[in-house]
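Asker: Residues per chain are reported as follows:
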Amino acid sequence: MPEIKYKFIRPEDIRRLSRYEFGVKALVEGYLSGRHRSRERGASIEFKEFRQYAPGDDLALVDWRVFARTDRHYLKTFEQETNMECHLFVDCSASMGFQEEGPINKLEYASFFAACLAWLVTSKNDRVSLQLFDDKIRQFFEPGSTRRHLHQILTALEQQKAGNPTSLAEALKRAHPLIKRKGTLVVLSDFFDEPEAIFKALNPYLHRGFRVHLLHILDPSELSFPERGLSRFVDMETNHRLVVHTQTIREAWQQEMRRHTQTLRRLAAGRQVDYALTTTTESWFKLFDRFA
Amino acid sequence: MQFLLANPAWLWLLALGAVPLLVHLFARSNPPRFAFSSTAFLQKIMKKTARLRKPQDWLLLLLRTLAVLALLFVFLQPLLTGANSAVTGKKTTIFLVDRSASMAAKDGAESRFAEACAKAGELLAAGSADAANVVWIDAEPDALFPQPGPNLDYLREALKRTGVRMESGAISGALQLAISQLEQVQGERRLVILSDFQAAAWRDTPLHLPTGIAVEKVRIGATDLSNVAVHELFATPAEPVVGQDTLMVCRLRNYSGTPRRTTLYLESDGGRRSRDVEMPAWGEAELNFSTRFSHAGQVAFSASIAEDAFPGDDRRYGLVRVRETLKLVSVAPPEDSLHAQGTQVLRHLADSLEWLECLDLPPSELPAPGSADFLFLHSWEGTQINDLQSISRTGTTLIVQPAVGCSLQACQQLMGLEVGENAGTIPIDTKSGRGSGDSPTTPAGWQAGIAAAAGEDAPVFALFKSGEFGNPAAGIFLQRSRLPREWPEGVQRLIDYQDGVPGMLSIHEKNQGGSIILWNLPVAERLSSWSAQTPFLPFFAELLLHHRAVTREESTEVLPGNTLSWIPGEEISPESVVLVDGAGQPQQTNILMTPHGVRIDSAEPASTGLYQWKIGDGVAFQQLANFPATESDLRLMDPLHIQGGEVVDARALLRRAELGEGIPLWPWFIAAAFLFLLAESLVSLWKPRPTTTPLR
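So the protein sequences, as listed, match chains X and Y. Just so we're aligned, residue 1 is where the first sequence starts under the working numbering, counting upward by one. Just so we're aligned, residue 1 is where the second sequence starts under the working numbering, counting upward by one.
Just chain X, with the same shape it has in the complex (with noise of 0.2 Å):
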C-alpha cells in the first residue's frame, strides 16, 4: 500500500487497525466471505483491478490477454456482490462542532472513526458508503472499496466542517432509496433528536434486514454539565439564546441526558439495534474493542 497520508487515519492507526481484522467480524457482515472472494462470475460481477501473480494463486484467474501483451502473469480480480456493505451516516450538524472538555469536537471523533472503519473495510475488500448529513444529505458516496473510493471518502470528512441543524430521521429516510443493497449501517451522530423519531426513520433499514449500529458521540461536558454559573446559551445549530443559572439545572440536565441516553437504548434493545455511549475523550479503538 502507498503511503496514506490523512487526517483523520494515522499510520499508528492503520497498524492498530490491522490487529482489528477480527475485530469488525461483528460490525462488518459477512468478513470471512470478505476473505474468500466468490469466484462466481455473472453480471453480479465487477471487475475489479489487476493485480500479479503470486505463487499460489488461482491460475485461471490470470488474464492471458494481458500475458501476452506484456509477458507478466497479471490476475484479474473482480468485485464480488456480496451482503458486506457498510454504510456509514456521519452527523455533520452544527452540534457536531461542540468540544469543550474532549480535545477534539465530536465530528472530528466521528470522522476518525468512520475513516478507520472505512480502511478497515475496504483493506478487506468490502463496500463502505458515506453520507454525510445535517438536516440534509450533504454527500453521499455510494458503496466502494477501491482505494479511490476511500480516498475519496477520506478527503471528504477531512473537508466537513460542522454547521446547520440537525435532522438525522429525514437525512435517513432521504438516504433509504440510495442504498440498494443491505449492509451495516452505522449512523455516527451526538443524537441531540427524538429517538422515536429516529427510530422511525431506522425502521425501512431494520424491515430490510440492515444491521445497524448507533454510535452516541458526546463531548464529556455534554453529560456532566459542568459548572459555569450564569450563562447565555446559543444554540450552535438553531442560535437559540438562552439564560440558565447552570447550578440550578445541572442535576437536571445529567438526568434529562441520563433519561435520554435510556431511551436509546431501550428502543435500540428493543429492535436489536446495537447502540453504544462514547465521548470524545475516549478512543474511538473503544468502539471496535466492543465488537471484538
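Do not take every clue at face value.
Stated by the list, open to error - Straight-line distance between alpha carbons at most 27 Å, and here's what the computed DSSO-like set of lysine-lysine pairs gives:
no. : chain 1 : residue 1 : chain 2 : residue 2
1   : X       : K136      : Y       : K44
2   : X       : K180      : X       : K124
3   : X       : K136      : X       : K161
4   : X       : K7        : X       : K136
5   : Y       : K44       : X       : K200
6   : X       : K124      : X       : K5
By construction, these hints were calculated from the structure, which means they are not laboratory data. All figures in this text were calculated on a predicted structure; none of them were measured in a lab.
Using the hints provided, position chain Y relative to the given structure of chain X.
Answerer: Same frame as chain X, but now just chain Y:
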C-alpha cells in the same frame, strides 16, 4: 388610630415600586455567551423546573417589591396618629390642676400636687396642643393666661414653680373659668382635669360641659390616706369678759379606719396645756379647756396635735375678744310709769358689777344694732318689734318687761312664736301690798321662785344650787302681767310665781343671735322688794352672763385663699398699719377707699396662720386663717362616678399626645425593608428540589 403621611408631596415615589416588577420581567443580565450543542434540552429542563421555580420567583418578586415600597415610604414620613388627629384647626388644651389643700398629701415621695404638675408638664412637652392654659382649682380659681396661648414653655415653668395651697377648691368656679376660655377658641378643644378627686369635694360635682369639648379626667393619687385633724377650735363665750370662765372647745376628727390616739396641745395666753385623746375609727373627740382671761383685748390661742402624714390640718388657731365690760342699755319707761325706778336699779346694779356698763336711753329710743350686749326695755308697749328683732339678731340679748296694755300677740311676735288665740292685751294683776285678814303684818303680794320646769340644775341657777344665796327671786311682787301659764316648746321658764304665772321666760334667738327674755318681775321698789334682796345682784349677773349671744369670733377668721381685710377707723392712718404673718414677716397690702371708710387689704391671699395688723409695735387687730376642714378627709372617689368626661390613665394620655403629634413610623419601615431584603436573600438561596423523571 390613623395612618397619615407627613410628606405626601413625595407620593409619586410609590410608582417606583413597580421597578422590581419591571426588572423581574424585562431586565436581562448579560452573562457570558457559551455556544452549546443543543439548547432544546435546556429548554425542556427549564420548562420542567419552572414549575418548581415559579413560586420561588413570585416570592422573590414580592419580597423585593415590598422592600422597595418600604424604603419609598420612609420618604413619605408616615405617621400613626390618634383618631381625631385629622381634625383640622388649632388644638387647644386647658389643664385644670387641683391646687386645693388635699393635694398636699403625699402618696410616696412627692405630693399629689407635684405629681399633677409633673404630668401636666409631660403632656405639654408631648406637644399635643397648639395652645394651652392652666387653670388652678383653689379657693379663688385663676388661670396662668387670660386665654390659651402657644407659650407652652412658660406653662411648664409655672407648673414647676407653683406650690400647693392650703385652701379648699372652688371646683365649679374653676370649671366655669376653663369652659369660658375654651368656648372662645375654635378647633379641637380639650379639657384635662388632674385631681385627686377628693370625695368630700367632688361627690356632688357633676361636669356640665358644652358639646365640642373633650374632657379627660386623670386621677392623681392612688390610695386613701389616713389622717387626724384638728377639726374645730373656738371659745365660748366668744367674747368673755375679763375674769369670766371661758371654755376652749377643741374637736378632733379621725379620718381613718383604725382608732387613733394622740396628744392635743392648747396654747393660749402664754400658757400651754396638753391632754391625751383617743378617737374611734372615723370618729370624733372633743376636749374642753377652761380658762379665765386676765386682760381685755384679742387673745389668740391654738390647738395642735403631733404631726402626721398630712400636717396641714394638725394645727388650728382661734381668737377670742376679751371684753373689759359688757354693755347694758336700759331704755327708760315713760316718766309716769310705775317702772320708772327700774333704770336706777339697773344703774346701781351695773355699778356693783365691774364688768357691766350701763347706758340709759330715753323711752322708745333704741340703740344701734350690735352696740350693746343687753337691752333692757322697761315697760315695753309692744312696739318696734322689727327693730328689736334686728337688734337681737346682731347678738344683743333683749330683756323685755311688758307694759300695761302690751298685747300677748306682740310678745309672741317678738319671741318669734306663733300667735295663738286670745292674744290680746295682757291683763295686769296688782296687789296693795298690805296684809289682810289673818296676816295683817304679812305684806300682800306674789312670791316667785325658780320655775319647776327650769330646775335648779339650769346653768343660770348654778350659783344658787348650794342654797348660799337663797331664792334668786326672793321678794314680794305687787304687780305682774298675767301671762299665760302655757307656752310652746322652746320657751324656757326660768322664774314662776307661786301660782304658776310665769315670772321670767327666755327664748334663744336663732342664727346665733341674742336671747329674748320676757321679764315679768318688776324691779322698781314701788312694785317689788326683789331688788333689795341679797340674791338679786348675783342672779341678775348670772342671768346676763348666761344669756349672752353664743357668737364666735368669725369676723376675724378668713378662709385660706381669701384676702385679709381691715377697716382701721378714721383715727388711724392706713400707711402706719403693717400686716405681719405668724412668723412676723411683713405682708404687702393695698389701701382701698370704700363707702365704710379706708380699707386695707392684703395683696396676697391668706394662707393658714395668724396675722396681725400692727401699728408700730402694738397689735391693733388680729385675723386668722385656718385649714379648710373639708380638705382633711383624704378619701378619694373614683372619677368614673363623676358624671361627664372620660377617665384616662396618665400614660394613656401621653400616648394620645404622641399620637396626636403622630408617631413617626419611618424606623419601622426601614426595619421592614431590611427584613424583606434578608428574606429575599434566604429565598434566593433556596433551591427547589427537582422532581425525578420516571423512566419510560
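Asker: So, for every hint listed, does it hold in this structure?
Answerer: Outcome of the hint check:
1. The suggested pairing of X:K136 with Y:K44 holds, with an alpha-carbon distance near 25 Å, which does not exceed 27 Å.
2. With a CA separation close to 21 Å, the supplied pair X:K180 and X:K124 stays within the 27 Å bound.
3. Using a Cα cut-off of 27 Å, the hinted pair X:K136 and X:K161 holds, with the two alpha carbons roughly 14 Å apart.
4. For the suggested pair X:K7 and X:K136, the alpha carbons sit about 25 Å apart, so the restraint of at most 27 Å is met.
5. Using a Cα cut-off of 27 Å, the hinted pair Y:K44 and X:K200 holds, with the two alpha carbons roughly 22 Å apart.
6. At most 27 Å may separate the alpha-carbon atoms for a hinted pair to count; X:K124 and X:K5 meet this at roughly 20 Å.
When held up to the earlier numbered hints, the structure conflicts with none and fits them all.
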